[in-house]
Amino acid sequence: MIAQQLLNGLFLGAVYALFAVGYTLVFGVLDILNLAHAAIFTAAAFAAFSLAAAGVPLPLAFLGAAVLAGIMGILLDRVAFAPLRARNAGTLVPLISSIGVAIIIGAILRGIYGVDERHFTVGGLDTAPVIRLGPLTFTTVELTIFLAAIVLMLVLSWILRATTLGRRIRAVAEDRVAAALLGVDLERTIAATFFIASSLGGAAGVLTGLEYNSVTLDMGGPIELKGLAVIILGGMGSVTGAVIGGFILGAVETLAIAYGLSAWRDAVLFGVMFLLLVARPTGLFGKRALRAA
Amino acid sequence: MSALLDFYAKHSRLIDQIGVNAILALSLSVSLQAGQLALAQAAFMGIAAYVSTILAVNAHWPLFATIAVAVLASTVVAALLAYPVRRLRGVFLAIATIGFGEIVRVVANNLSITGGAEGISSIPNDATTPVIYGALVLVGLTLFVLSRTKFALAVALVREDEYAARGVGVDVGTIRTLSLALGGAIAGLGGALYAHASFFITPTDFGFQRMEQILVWCVVGGVTSPLGALLGATVLSILPEAIRFLADYREITNGVILLAVILFAPGGLSSLWRRGTIRVRV
Chain D
1 MIAQQLLNGL FLGAVYALFA VGYTLVFGVL DILNLAHAAI FTAAAFAAFS
51 LAAAGVPLPL AFLGAAVLAG IMGILLDRVA FAPLRARNAG TLVPLISSIG
101 VAIIIGAILR GIYGVDERHF TVGGLDTAPV IRLGPLTFTT VELTIFLAAI
151 VLMLVLSWIL RATTLGRRIR AVAEDRVAAA LLGVDLERTI AATFFIASSL
201 GGAAGVLTGL EYNSVTLDMG GPIELKGLAV IILGGMGSVT GAVIGGFILG
251 AVETLAIAYG LSAWRDAVLF GVMFLLLVAR PTGLFGKRAL RAA
Chain B
1 MSALLDFYAK HSRLIDQIGV NAILALSLSV SLQAGQLALA QAAFMGIAAY
51 VSTILAVNAH WPLFATIAVA VLASTVVAAL LAYPVRRLRG VFLAIATIGF
101 GEIVRVVANN LSITGGAEGI SSIPNDATTP VIYGALVLVG LTLFVLSRTK
151 FALAVALVRE DEYAARGVGV DVGTIRTLSL ALGGAIAGLG GALYAHASFF
201 ITPTDFGFQR MEQILVWCVV GGVTSPLGAL LGATVLSILP EAIRFLADYR
251 EITNGVILLA VILFAPGGLS SLWRRGTIRV RV
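Keeping their order, the protein sequence lines are chains D and B.
Counted the way our numbering counts, the first sequence spans residues 1 to 293.
Counted the way our numbering counts, the second sequence spans residues 1 to 282.
Hint data in this document are derived by calculation from the structure and do not stem from the laboratory.
Bear in mind the structure is a predicted one, so any value in this text is a computation, not a measurement.
Here are a few chain D residues that sit away from chain B, every Cβ distance over 12 Å (derived from the structure):
1. 139
2. 143
3. 186
Covered by chain B, per the in silico footprint, the following chain D stretches (three or more residues, Cβ under 8 Å):
4. 84 to 98
5. 104 to 110
6. 227 to 233
7. 270 to 277
Ideal Cβ positions, reconstructed from N, Cα and C, are used throughout, including at glycine.
Kindly produce the complete structure, drawing on both the sequences and the hints.
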């Protein structure tokens with residue numbers, strides 16, 4: 001029973017982690033809190049739904065929606081953050097402008113899709129074969145979602161560690177001015193960061209939509225604030241920390257439900273986050289861990 | 001005169017909302033002026049709303065007594081919150097206070113005295129327009145008087161340069177605690193009035209979305225002065241009604257206006273007044 005709960009937590013945590021790495025990546029590089037991340041998460045889920053409904057095979061719809069989310073991320077940066085960056089606007093103002101973009105994205109989605117819940121009708125999500133492994137049961141859909149999230153996080157880790165782009169991103173995160181002096185094209189690197197962060201957030205949205213086979217306008221609400229807790233737990237800006245934080249959250253949530261504590265679950269989560277911030281403002285894994293990601 | 005009364009009869013609900021919203025925006029502007037991005041206003045508002053509602057509905061206390069106790073409660077909670085977050089700044093303070101707000105919301109969702117997720121209904125609707133605007137004037141006067149004191153000077157100093165403030169002998173911790181408590185008191189007043197101007201309250205009334213809304217009012221109006229908060233709350237409360245003919249595009253217009261102000265009028269609407277023109281800098 002507990003093994004099954006932990007497995008469910010692992011599945012849930014992988015998606016939380018995927019959402020949180022994009023959230024924290026933008027913070028690590030730009031020191032801003034991007035409150036439009038959850039809106040892009042939701043937009044991507046709807047995009048995948050539309051693609052799938054138009055007959056695109058699910059894996060392609062997933063990739064297409066993630067790319068679309070990445071492009072939305074670049075646009076988000078151009079509209080809401082780049083002009084503010086140019087005049088050193090501090091931390092409050094970008095936070096607000098990202099709320100503005102989130103409102104706009106939400107309004108557009110409502111205009112296109114209305115308020116009704118949507119389901120993926122293709123791909124046989126509800127009739128997926130069940131795998132039994134000793135005491136554990138799970139569906140092939142859950143397994144595929146889990147693997148997709150893990151693969152994407154490994155790709156991100158590889159990009160940050162082993163590619164020129166990754167080195168540039170880490171350099172900008174470390175010290176924007178010094179990186180520019182060394183010849184890093186700031187705006188292009190930041191655009192790439194937004195593409196990566198938002199496509200991962202979008203991918204998390206599609207996977208969440210597939211996991212519950214439900215896409216709704218407000219699906220981004222809970223994960224927006226829980227994502228905050230996750231990146232605080234992991235240390236803001238730390239990609240590794242966000243992954244670990246995501247899995248911890250997944251496990252804690254499923255265990256809380258299993259032990260009938262689900263009503264107080266979020267209070268505990270935010271209580272832990274609050275105490276952690278107060279006791280250790282840089283999180284469990286330190287702020288600048290992006291360097292070593 | 002009768003035209004005026006007709007206008008009031010038609011829009012009294014909106015007029016009351018503007019008054020309550022203005023009080024809430026002022027409460028946040030107090031901590032923003034001290035340079036603290038403390039986003040627990042919706043929680044303070046909620047605590048006071050529940051205290052005042054419970055006293056009115058369960059104990060049948062008169063309006064002003066429930067408001068007094070409610071404001072006291074939110075003030076005390078705000079002052080107590082100041083202590084653990086005293087070392088947090090900027091985004092970290094924002095996140096910690098958002099977390100605090102979520103905890104308050106979950107607690108309200110789970111207690112029986114707060115009516116859980118359904119909240120509390122049949123609240124006496126006795127926060128009339130004169131009561132609300134009387135409270136608004138009281139808050140305005142208090143802030144105006146305070147702005148003439150050394151306290152305001154110390155607050156401005158803490159905002160501009162905390163270390164310089166310490167250097168000239170300002171007790172930064174006390175200033176932060178006092179401004180958070182003052183913000184909590186005003187938010188509590190707004191929350192109590194909100195409850196008594198509604199028929200029912202639920203925990204979601206005081207969640208993160210409410211907090212975002214209050215923050216947006218302040219920023220659109222301009223964070224440099226209480227006047228900005230007043231202006232932002234008023235304009236953005238009227239706007240959705242004024243552009244009702246845009247029907248489907250209402251929400252998107254809100255987002256666009258918010259972005260436009262941030263990008264083209266960095267000091268908020270109140271700064272346009274002083275400058276007279278909009279300087280476009282992108």
